[in-house]
Amino acid sequence: MDAHDHHHDHTATAAPQTEAPPGYYETMETALRELLVEKKLIGAGEIRRQIEVLDSRTPALGAKVVARAWVDPDFRRRLLANGRTACEQDFGISFYDDTELIVLENTEKVHNLVVCTLCSCYPRPVLGLPPDWYKQKAYRARAVRDPRAVLAEFGTIIPDDVEIRVSDSTAVVRFLVLPRRPEGTENFSEEELTALVTRDSMIGVVPVQLQTGILS
Amino acid sequence: MPEPASGTATPSLHTVKSFGDQPVWKAGDAIRISVRYPIAHYRVPRYIRGKRGLVEMVIARALVNNEEEGFGRNAGQLGYYYRVAIPLQELWPDYVGSPNDNLRIEVFETWLEKN
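Read top to bottom, the protein sequences are chains A and B.
Positions 0 to 215 (numbering that gives the first Met the number 0) are the ones given, in order, by the first sequence.
Positions 0 to 114 (numbering that gives the first Met the number 0) are the ones given, in order, by the second sequence.
Possibly wrong hints are sitting among the right ones.
Examples of chain B residues toward chain A, derived with CB under 8 Å [stated by the list, open to error]: (1) Ala29; (2) Ile58; (3) Ser97; (4) Asn99; (5) Asp100.
Source of the hints: derived by calculation from the structure; they are not laboratory data.
Just so it is clear, the structure is predicted and the values come from calculations on it, not from any experiment.
Yeah, the Cβ is synthetic: ideal placement off N, Cα and C, and Gly gets one too.
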């Protein structure tokens with residue numbers, strides 16, 4: 000058929016379509032949620048509140064925790080001994096999902112990387128929602144199979160004499176990487192240090208670096 | 000013997016711990032991950048089954064066995080998770096990175112065997 004020789008009506012598609020029709024899982028979620036509300040097992044207010052809880056968690060929280068650990072040896076010791084308790088006591092960060100938190104310290108000899116091969120377990124209380132790549136199968140499978148290649152794709156080259164520890168979160172424990180404090184930050188304030196700490200450095204795919212300033 | 004006043008903690012030297020009260024494994028124990036494929040909910044990825052490693056630490060809190068919890072059976076099912084270290088060369092015989100590279104993963108008590 001000639002591409003120009005079609006006579007179907009364009010007006011049906013001309014109207015702006017702002018949303019695609021809901022998919023299978025979206026429909027299922029809506030149905031389940033409406034049923035739970037209708038049966039008074041949960042209320043609409045509780046759902047909204049939980050979304051607010053999730054939205055209030057961002058990598059900025061984790062960055063504060065990391066910077067504090069860099070400047071306060073006592074906090075660092077308590078954080079490494081029990082990540083959850085230290086975050087609760089010093090920052091008022093609640094663990095609404097009742098997970099434990101193990102903080103993994105990067106050193107000259109050990110580099111930590113975090114993954115969840117089964118799904119997308121992530122330290123949401125301190126970092127918020129995981130990035131999309133963290134949930135994709137390519138990262139989940141390859142992080143435990145060939146972590147050095149995965150790190151190299153993030154631009155992170157780990158010397159052979161440094162041990163790589165991949166922590167696979169599978170059950171009740173979540174992991175936060177405590178990156179190494181960059182050299183040249185001896186005179187930085189806690190606030191200035193906080194600004195250097197990125198989400199990816201707390202997952203372990205990149206180190207914390209001083210802004211190298213492409214334009215400077 | 001007088002009854003203890005209600006609500007006060009009475010120290011006892013002779014309590015018998017129930018199964019699950021105390022961790023079965025300790026740091027440094029050589030273990031092997033069980034090879035089984037039950038129909039249930041559990042958090043043991045296939046790639047570690049049958050692999051050998053060392054217990055790094057006991058995860059502090061005893062928790063319900065979620066393999067049983069999936070069937071609604073919670074009572075008397077407390078046990079421990081262990082953080083286990085497995086060399087990547089044990090997982091992947093053709094692993095080309097450093098021989099020191101390793102996996103750390105938490106595994107429930109019922110999935111660990113003596114190596």
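(request) Determine which of the earlier numbered hints do not hold for this structure and return their numbers in increasing order. (result) 1
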